[in-house]
Every structure is written in structure tokens, then in C-alpha cells.
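Chemist: Below, each chain spelled out in residue letters.
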Amino acid sequence: MTASNLATAASPVSLASKRPAAAIKMRGVVKRFGALEVLRGIDLTIERGEVVVLCGPSGSGKSTLLRCINGLEAIALGEVIVEGEHVRSKGSKLDTLNPRIGMVFQAFNLFPHLTILQNLILAPTMVLKVPRAEAIERARALLARVGIEQKADAFPDMLSGGQQQRAAIARALAMNPELMLFDEPTSALDPEMIHEVLDVMRDLAHEGMTMVIVTHEMGFAREVASRVVFMDEGLIVEQAKPDAFFSKPREERTKQFIGKILAR
Amino acid sequence: MNTDFSILWGDPGTLILSGLVVTVKLALCAFALAIIIGVVMGTLRWIGWRAVEPFCWVYIEFCRNTPPVVQLLFWYFSASFVLPMPVFMFLRDFGYEFGAAVIALAFYHGAFYAEVVRAGLNAVPKGQFEAARALGLGFLQSLRRVAFPQAIRVLVPPLVNETTALIKNTSLAMAIGVAEMTFQYRAIDNFMFRGIEALTVITVLYVILCLIAAWLGRLMNGYLSKHLHARNATAIADRQIVGGEIIR
Amino acid sequence: MMDNWARVWTPANWERLLVGDLFNRGEIGGLALTLCIGLLAIAGSTVIGAVVGIMRASDRKALNLPATLYVQSFRNVPLLILVFWAYFLPPVFGIQTSKFLSVLVALTLFTGAYIAEIVQGGIRSVAAANLEAARVLGLTPRQIQFWVVLPQAFFNMLPALAGRYVVSMKNTSLAFLIGLMDLTEIGKQIGARLMTSPVEVYLTILLIYFVVNRGLVMCLRLLENRQSFNRLFLRI
Ligand SMILES: Nc1ncnc2c1ncn2[C@@H]1O[C@H](COP(=O)(O)OP(=O)(O)O)[C@@H](O)[C@H]1O
Ligand SMILES: [Mg+2]
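Residue numbers (this note's numbering), protein chains in the order written: chain A, 30 to 293; chain B, 16 to 263; chain C, 38 to 273.
Because the hints were derived from the structure by calculation, they are not lab data. It cannot be assumed that every hint is accurate.
To be verified - Distance condition first, Cα-Cα at most 27 Å in a straight line; then the derived DSS-like pairs of lysine-lysine:
#, chain 1, residue 1, chain 2, residue 2
1, C, Lys-136, A, Lys-122
2, A, Lys-119, C, Lys-98
3, A, Lys-270, A, Lys-289
4, A, Lys-289, A, Lys-277
5, A, Lys-119, A, Lys-158
6, A, Lys-54, A, Lys-122
Said to hold, decoys possible - Here are some chain B residues the structure puts well away from chain C; computed CB gaps all over 12 Å:
#, residue
7, Gly-28
8, Val-54
9, Arg-65
10, Pro-83
11, Leu-87
12, Arg-159
13, Gly-237
14, Tyr-238
Every residue gets a Cβ at the ideal spot worked out from N, C-alpha and C, and that includes glycine.
Given the sequences, and given the hints that come with them, work out the whole structure.
Modeler: Written out as C-alpha cells, the structure is:
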């Protein structure tokens, strides 16, 4: 199975002419939890096909930023525009979210009562109304793509962590997303399983998928990212191409962070 | 319908009151005995000791899967056949029906308490007990100092549920003629024709008894969470308890 | 000793225990009546419990409050007292009832309150993170409820539900206290007639209940297998 099999109608390249240039545009985004200001004015533009790695110390607001992009959290001020459309969220459980923004969680969050294949076809058949047979065919192709086609009829807890995370990525891809958000996708994995997930993500990046990745895997960031964004205390402190980011960071806080992360 | 609650100040009221006393006595005696049975049996099952395992299984499964009222009848009618003579004589002096009811309820609810205790012990991370043993604590010491204190936090809610069930089941003792509240209600209904009034009163009394048990449970829970910091155990308990009932 | 068993286990006694005295005249009794009450109550209380449990799990006061009231009031009263209420109250309002109906209604409402608690617990046991994953895929709240929450809740609550069903089956034995000819009553009569072998008689009745209830649990265990549960209930 080659990379092109995965490229779908939603692939950024084929739609380029009809769409505005930026995949994500955030302007002056402020997010509060009660009195706590978690995002304190975020301006960030991500072009289509870009792979942005988001890093920063724990509690700096990385997850919250991702969750504002797909509307899992409602913002207090500012605006979030995805593919030319405003993300309006009340932050309520009753909102229906945009199915074209894929998201992969640290804890996989596969549906435990469904087989892997059922996990993959649930949303395509329910939301996109893809005929069942077609959804299954595509799901199998995706599973083969991430290397777990033999696990189609297994239940999630019968898989290793790495396999579960690859299944979760396949589940997100089954919706033909225009962009993918990853929230520390390898943090819950044993070291020997990290690379199998990163390999899948690397392939996805090479295909031109727009990706925003929260990760501490700096080697991966250096190799795959088109830009590294460093956050601290709810603000974007610095952003640069990976080479520049790692070799000559401008801000003191960035230097400290890189020092700590590379020392591990 | 004309109801007249003032009649309760007369004989019916006295009857209900004496019934209430018997109900409370019965509940307390049965509870004390059932808890002992429950802790012993539950711990034995948790240990999984080969020699006693089949015996524990038969006792618990048999009691849990048969109606308490039939168990009551069994103890009442056949106690003289199965109990050793001195025990039987002792019970007879006590008011034989009462004794049979205590035994039946204690054995029945003891089986449920045993399952609660076992589930509570299972909720304590296995490493805890092993760590205690590894530190050189004896088996019983590890049980008492490490396993039980952590298990008890988890135990309280299902324990309260079981205890309310026990209180409610004391009403079954009327089947063998124990003069508890429900029995007195039947008497009032049959001989004084004041059924609805008496039924209302004893319904309220049962609700109050059950609420007192729940309240005591809450007190105990509050006390324990202040004095034992077993967060870990509670987190596991949340996963094991659905609708207040312990799964397996 | 063996004599006693032989006197209890006669074909005539077994027939009485299984179908009652008046079976030929179209009136069922014994185990058949017990099963009849038990299974009807289980079915009815499951429906009530599902509705009330979903109401209990709701955040809306208008749904939550009446459901809580029902559960709390029915859980804190002995079933026997409810049976008496169900028997003596309807005539006061001019409603015809029967012993059979009062036991059935009381048992159904009583068990329904417990099942509501189980259903509510099952719904709450579904991890919030799992719902988030469903939302991110663009499923609507209704689709999430139907395909993600309820199946998981149902699966999680199967063991507790099985326990409740058994309790319900045991509780049918209260029927004899208001004069129905159920298994317990027939057994009691046989015991009274034979006089000298109560141990054997009551052990026999207990054994029948035991077999029925273990059978019920075994059937429900089949569902606890995820594979068969999945095939049976999730036609995705
Ligand atoms: N639902 C929430 N309610 C209250 N505070 C929250 C919530 N989610 C996150 N926070 C707080 O917001 C801050 C940023 O959290 P998060 O975005 O998860 O950080 P990161 O992913 O960078 O570690 C933290 O201080 C965290 O405690
Ligand atoms: Mg985070």
C-alpha cells in the first residue's frame, strides 16, 4: 500500500484553489477556566500542509489550544478560523463538532465495546453516511496502512498501546480530515512502541496532511516539523523552523526548556 | 375512606411500639452475627485457600440464590433436627422464633457481607499486601494493618446497601410468628380493622430505620475519609461499583 | 434418613411443587406460578428501571427530581409492606385487584427502583474521555447516546443486573404470605402434612430455587461475553 492510496478527496492539494490559504487562523484567543487564564492572547496562523509541533512545559496550555481549534472548549475572546470557517463553540456537550478536524488523544480513547473495525466505521457511516460496505473497505485499507489489518476484529484492550494508538489514528483518518490534531500521542506508550506511531505520523506528514502535534519527541520535531511553536504560561513565546529553533533559540525561556528536554 | 389516626394512641399504638422494639432487636442481633460471618467468609474466599474454598462457595452461593423467607422457614421448622441439642435448648429459652429469625437472617445476609468484604479486599492493589508481607509483617498483621484499612473505605457504600436490605428483611420474620412490626400490623388489621392507619405508620417507621442506617454509613464514610487517606482504593472502587452494588 | 427423602420425593409431591394443585383446572401454582411472577416482574422492572435510570442520569431537574423521589421512596420500604399496600390500597379507590396482581405490581415497582440505580450507575461509568472521542468524530449527541453511551452502560451493568434479577426471583416467595399457591406455599403445605421431615422438604424447595436462580445467572453470563454481546446488540 503506497502513500497515495491514503490521499483522499479531502487532501489539501486537490482543494487548494477553492480554499483560503490558511488552514487555521487564531487571533487574540483568550481562554479562561474560572479565574484562571489559560490562553492569554494567542495569535497563530497555520498554512495548509504545514506540520506544526507545539511544545512547552506542562500546564502551559498546549492541550487547551488544540481543544479550542476543534471547539471542544469555548473561547472567551478572539477568534478561531479553520479552513475559512469560524469555529463557534458553546463548550457544551450538546455541540456537534466539525468531523473534518481529526484528533488523536494521549489515552487513545477507542470505544471499548466495539471492535477495531467497528471503531473505524462508526463515524463514517453515521456522520458522512458512507455506505457500510464502502466504509468497511476503506477501514480495512486504513488498518493495513497503519499495519494492524490483522486486528480488525479484535477489541481495543486486546491490542498493545502502540497498536491502539495506530488504530486511533486510523479512526480519525477514516473521516477524511482536512487537518489532524495530536495531543501527546506517544506519551502513554512504552519506549519500544513510540517509533511505530511516529512512523505513521511521519508518513502522514509526507503526504501533505496539515498537522498540529503536541509532543516532547524533539528528534521527531527536528526531522518532520515545518515549524516549532514554543508556549509558556498561555502565550506563544517563540516560533521558528526546527533548525533555527534548536540551534539558536532567541528567548531565555526557550533555551532553558530545550536544555531540559534534551538533557533527558 | 375514613381514616382515624387518633386510635394509634390506644392499643394499636402500643402494639406497633412493641413491634418496633422487636424489629430493632432482631436487626441488631442479626447484623452483629452476619458481620462476623461476612468478615470471616469474605476473607477466607479472598485468600482462596484450597481446603475451605468449596465449602465457602457452597455456603455463599446457596444462601445468595435462595429466598430468605424459605431459609427462615427452614431454620424454624428444622432447627430441632439440625442444631445440636444444647444450642436448640438455649434458643428455645430465648423465644424460639426470634432465635430462628436471627440465625436465618444472619446466615442469609452474612453471605452478602462476605461478597462485599471480598470485593473490598480485591480492590486493594495487590502490591500493598505483598509489600507488607515483604516487610516481614505476619499474614494476619498484613491483613489487619494494611489490607483491611484500605478495603474498608470501599466497603462502606455496599455495606450500607446490604444493611438496609437486612433491616427490610426483618419484616419476613412475621412468617414464623415473630412479633415484630409487620406482624403487629397484621394483628391490628385482623382484629381492630385499622389496617391502613397501622400500615402508614409502620411504613414511615421502616423508612426512618433505613435512613438511620444510611446516615450512620455516611458518618462512618466521613470519619474514614478523614482518617484514612486511601484515595487509590476509592478510585478503584469507583470502577467496581455500579449502582451501589459490587460487581463480582 | 433415606426414608424421609423417599417420602418427600414422590411423583405426586413433585407434580405439586412444579405446577401446583389445581393445574388440571387451569390454575397454575408451584414453581410455574413462581416463574410467572418472577419473569413478568423482571421484564416490567427492566422497562421502568431503564426509563427512570436515564431520567436519574439527566442533568435536568424536571427529569431528575421525580426519578429520585421514586427511587428513594421505594428502596427504603420492605417489599412485604409494598405488597400489603398494593393489596389494600386499590380497593379504597374502587379499583379491582387480585393477590396475583398486587404481588406483581409491588415486586415490579420495588425492583424497578433498584434497576434504575444500576442503569444510572452504568451510564455514569462510561468514561468522559470516551465521549470526547465520539464528539471529535462529529457524532451528534443523540448518536453518541445511542451508539457509545448506552451499549457501554448496558454491558457494564450486566453483572449487577443479573444480581438484581436473582433477588427479584427470590422475592416472589413473598407471594405465599398473602395466600398465593406458589412454590413456597406448596412446599410449606407438604412439610405440614409430612410433619417429621422438614429438613428434607425445605432443602428440596431451596434446591429448586437455587437451580432456577443459577440457571438465570448462567443465561445472563452468556451476554457478558463481549463477542456475543457485540453481535447481538451492535449492528454497525
Ligand atoms: N477543564 C479544566 N478546568 C480547569 N482548569 C483546567 C481545565 N483544563 C485545563 N486546565 C488548566 O489549564 C492549564 C493548562 O492546561 P493544559 O492545556 O492541559 O496544559 P498542557 O497541555 O500544556 O500541559 C493548567 O493549569 C490546567 O490545570
Ligand atoms: Mg496536555
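Chemist: If you test the structure against every hint from before, which numbers come out violated?
Modeler: Those not satisfied are hints 1, 10, 11.
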